[in-house]
Amino acid sequence: MQVSLTTFSQEEIVITVTNVLGQTVGILPLHGMAKNGLFEEKLDISSLAAGMYVVQVQQHSEQRVLKFVK
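Residues in the sequence shown are numbered from 1 upward in steps of one, following the numbering used here.
It should be emphasised that the hints constitute simulated quantities derived from the structure, not laboratory data. One should not assume that every hint holds.
Said to hold, decoys possible - Calculated lysine to aspartate or glutamate pairs in the DMTMM-like style (CA-CA distance at most 25 Å, straight line): (1) Lys42 to Glu11; (2) Lys67 to Glu12; (3) Lys67 to Asp44; (4) Lys70 to Glu40; (5) Lys42 to Glu62; (6) Lys67 to Glu11; (7) Lys67 to Glu40; (8) Lys42 to Glu12; (9) Lys67 to Glu41; (10) Lys70 to Glu41; (11) Lys70 to Asp44.
Work the whole structure out from these sequences, hints included.
This is how it looks when you write it as structure tokens:
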């Protein structure tokens, strides 16, 4: 799974993956990874069980939430 977003800040980006029970199944802190305003990161979801998950991408005070089904 690939997460992409546009940002012009070099502040830390934290990606958190939770299951439908609200349990955190992965946290990925990233530092200064944006290039020309575009941030892209591939998440390895192969170890996750089948089901619905929430990906939370947070940078400073901004937060984006995405849902996906595996």
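Each hint, compared with the structure:
| no. | hint | result |
| --- | --- | --- |
| 1 | Lys42 to Glu11 | holds (19 Å) |
| 2 | Lys67 to Glu12 | holds (22 Å) |
| 3 | Lys67 to Asp44 | holds (15 Å) |
| 4 | Lys70 to Glu40 | holds (20 Å) |
| 5 | Lys42 to Glu62 | holds (20 Å) |
| 6 | Lys67 to Glu11 | holds (24 Å) |
| 7 | Lys67 to Glu40 | holds (17 Å) |
| 8 | Lys42 to Glu12 | holds (16 Å) |
| 9 | Lys67 to Glu41 | holds (16 Å) |
| 10 | Lys70 to Glu41 | holds (18 Å) |
| 11 | Lys70 to Asp44 | holds (12 Å) |
When held up to the earlier numbered hints, the structure conflicts with none and fits them all.
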